[in-house]
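Protein chains: 2
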Amino acid sequence: MNFGEKLTSATRRNKSFLCVGLDPDLERMPEGVGILDFNKAIIDATSDLVCAYKLNFAFYEVLETQGLDALKQTVKHIPDDIPVIADAKRGDIGNTARAYARAIFDNLNFDAVTVSPYLGFDSIEPFTSYHDKGVFVLCRTSNPGAAEFQSMRCEMEPPTGAGTEASRLLFELVALKAGQWNTSGNIGLVVGATYPEELKLIRSHQPDMLLLIPGIGAQGGDLAAAVRYGVSPRGGRIILNSSRQVIYAAPGKDFAPAARRAAAGLREQINHYLPVPL
Amino acid sequence: MNFGEKLTSATRRNKSFLCVGLDPDLERMPEGVGILDFNKAIIDATSDLVCAYKLNFAFYEVLETQGLDALKQTVKHIPDDIPVIADAKRGDIGNTARAYARAIFDNLNFDAVTVSPYLGFDSIEPFTSYHDKGVFVLCRTSNPGAAEFQSMRCEMEPPTGAGTEASRLLFELVALKAGQWNTSGNIGLVVGATYPEELKLIRSHQPDMLLLIPGIGAQGGDLAAAVRYGVSPRGGRIILNSSRQVIYAAPGKDFAPAARRAAAGLREQINHYLPVPL
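Protein chains in written order, with numbering that gives the first Met the number 0: chain A, 0 to 277; chain B, 0 to 277.
Hints were generated in silico from the structure; no laboratory data involved. As the structure is a computational prediction, the values presented were derived from the model and not from experiment. Watch out, some of these pointers could steer you wrong.
Just so you know, same-sequence chains aren't split out, so a pair can sit in one copy or run between any two.
Here are the simulated DSBU-like cross-link-like pairs (lysine-lysine), alpha carbons at most 30 angstroms apart as the crow flies [as the list claims (entries may be wrong)]: (1) K176 x K75; (2) K199 x K176; (3) K75 x K199; (4) K176 x K71; (5) K71 x K39; (6) K39 x K199; (7) K252 x K199; (8) K176 x K252; (9) K39 x K176; (10) K71 x K199; (11) K14 x K71; (12) K14 x K75; (13) K39 x K75.
Work out the full structure, taking the sequences as your base and the hints as a guide.
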């Protein structure tokens, strides 16, 4: 099963657009619990409630070889029928990007990856050429400073004639380009829930594309708007990611049942806003 | 000694603007030589000829824990008075970027890092807040598709009045913004040697800023133009990186003396083009 099929199947089976971000932070985890045990307990408590898991590499890389080992073992522990996204935000020139793609897809066995668009398509093609894998291009990110470059107004190229629209915001151009690159149908976009109007605009440009939407929960994104603008009557799907609100739902030893309650609550909230039930 | 002082000292001592990229690729390395031994031999053969070393993380990450261990041991093997750049091209939201910065600066002990600008300054500030470290922001990269976004024409903000320049290419805006962010004086820019006219333009915007210039050698960048446009009468310095042309100068067991000859030759070529001797 390729990434898209696995995602569709998990979404339907668990009636869920919720992705749980497994981003272990030693300062916030319960004392005396190792990160692999922490992740395994979260996975065991939530795997019937989610459509995917997402692992942000920074939280593993900071723990060195022990972290890398936990990353690998965590992916192995996730049931085969739930897709796993490598939130690595890589972006490098061709031969280097190929090494990153091998690391993430061949060695670590992730189903999908996040990548940065700044270097252009030749930095992304080494990932999209794995046709059975998903590739999410950063479009409008969830952080406070996202607009600094992403919302700059840029000219369309080639320059258009009088009477046609001649400029777009940079994130719109990324969304439009991603559509052109998507010849294998395995490209999605990362769009923060913290910017609902931008999400609406991106969905208008790409009515069919899969959107990975972080920023609900701890980052304060608008869940209702994310669902309303993200789910498309044309069939475009969403993956709504929450990390901290789920995995740190309780600070003590009862973190796993607390994570389950938080995930179940989020799933219900999301489904409540759906125009058509899953 | 902070990154800038260490770099200046190594540049003067070795009369060199050359940085050697330690990017081990199992397919190109001599048979039967492990990557740590390969790196150590290259370092021992070139450490009196360079101003810095640069390690691209992809080539280590693809080798999993063994690669991460080799990365760490390689940094330890490099003499303390030569700065080491982590070519990681990271770019993520604040709390995640802080984890990457800790991994690269605190754990692995790199002197500098490369970062992507797409998420804006709040994704870069966790790195620049290490005042003794260097941070190179991707500006105009060396790859064939770099222009796709980087050379889009974008409006300056706030919109300027009639008669003033109202637009710039995206990479120019990155260079200008980097100057605004540079309150601690530890920001540099990555500018590919493969685009000399863009390099010239960037140098005109940032006459004092340190430029990290990859793309000479295997990527076919113009060395003479890189030196002519990169070295600034105002004092702006360059770091010219070559990876493959040096480390794979010979395919067999004599790779280390061959790397030394290649590095010495490049150093001489670079110095030949300098307007004023080092």
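Outcome of the hint check:
1. Proximity of K176 and K75 under a CA criterion of 30 angstroms is satisfied in neither setting, with 34 angstroms inside one chain copy and 42 angstroms between copies.
2. Taking the shortest alpha-carbon separations for K199 and K176, both the intra-copy value of 17 angstroms and the inter-copy value of 28 angstroms come in at or below 30 angstroms.
3. For the homomeric pair K75 and K199, neither the shortest alpha-carbon distance inside one copy (36 angstroms) nor that between copies (49 angstroms) is at most 30 angstroms.
4. Taking the shortest alpha-carbon separations for K176 and K71, neither the intra-copy value of 33 angstroms nor the inter-copy value of 38 angstroms comes in at or below 30 angstroms.
5. For the homomeric pair K71 and K39, the shortest alpha-carbon distances inside one copy (12 angstroms) and between copies (28 angstroms) are both at most 30 angstroms.
6. Taking the shortest Cα distances, K39 and K199 never come within 30 angstroms of each other, neither inside one copy (35 angstroms) nor across copies (53 angstroms).
7. Taking identical chains as interchangeable, the C-alpha atoms of K252 and K199 are never at most 30 angstroms apart, the minima being 40 angstroms within one chain and 59 angstroms between chains.
8. In this assembly of identical chains, the alpha carbons of K176 and K252 never lie at most 30 angstroms apart, being 47 angstroms within a copy and 46 angstroms across copies at closest.
9. For the homomeric pair K39 and K176, neither the shortest alpha-carbon distance inside one copy (38 angstroms) nor that between copies (43 angstroms) is at most 30 angstroms.
10. In this assembly of identical chains, K71 and K199 lie within 30 angstroms of each other by CA distance neither inside one copy nor across copies; the values are 36 angstroms within and 45 angstroms between.
11. In this assembly of identical chains, the alpha carbons of K14 and K71 lie at most 30 angstroms apart only when taken from the same copy (27 angstroms versus 44 angstroms across copies).
12. In this assembly of identical chains, the alpha carbons of K14 and K75 lie at most 30 angstroms apart only when taken from the same copy (23 angstroms versus 51 angstroms across copies).
13. For the homomeric pair K39 and K75, the shortest alpha-carbon distance inside one copy (10 angstroms) is at most 30 angstroms, but the shortest distance between copies (34 angstroms) is not.
Violated hints for the displayed structure, listed by number in ascending order: 1, 3, 4, 6, 7, 8, 9, 10.
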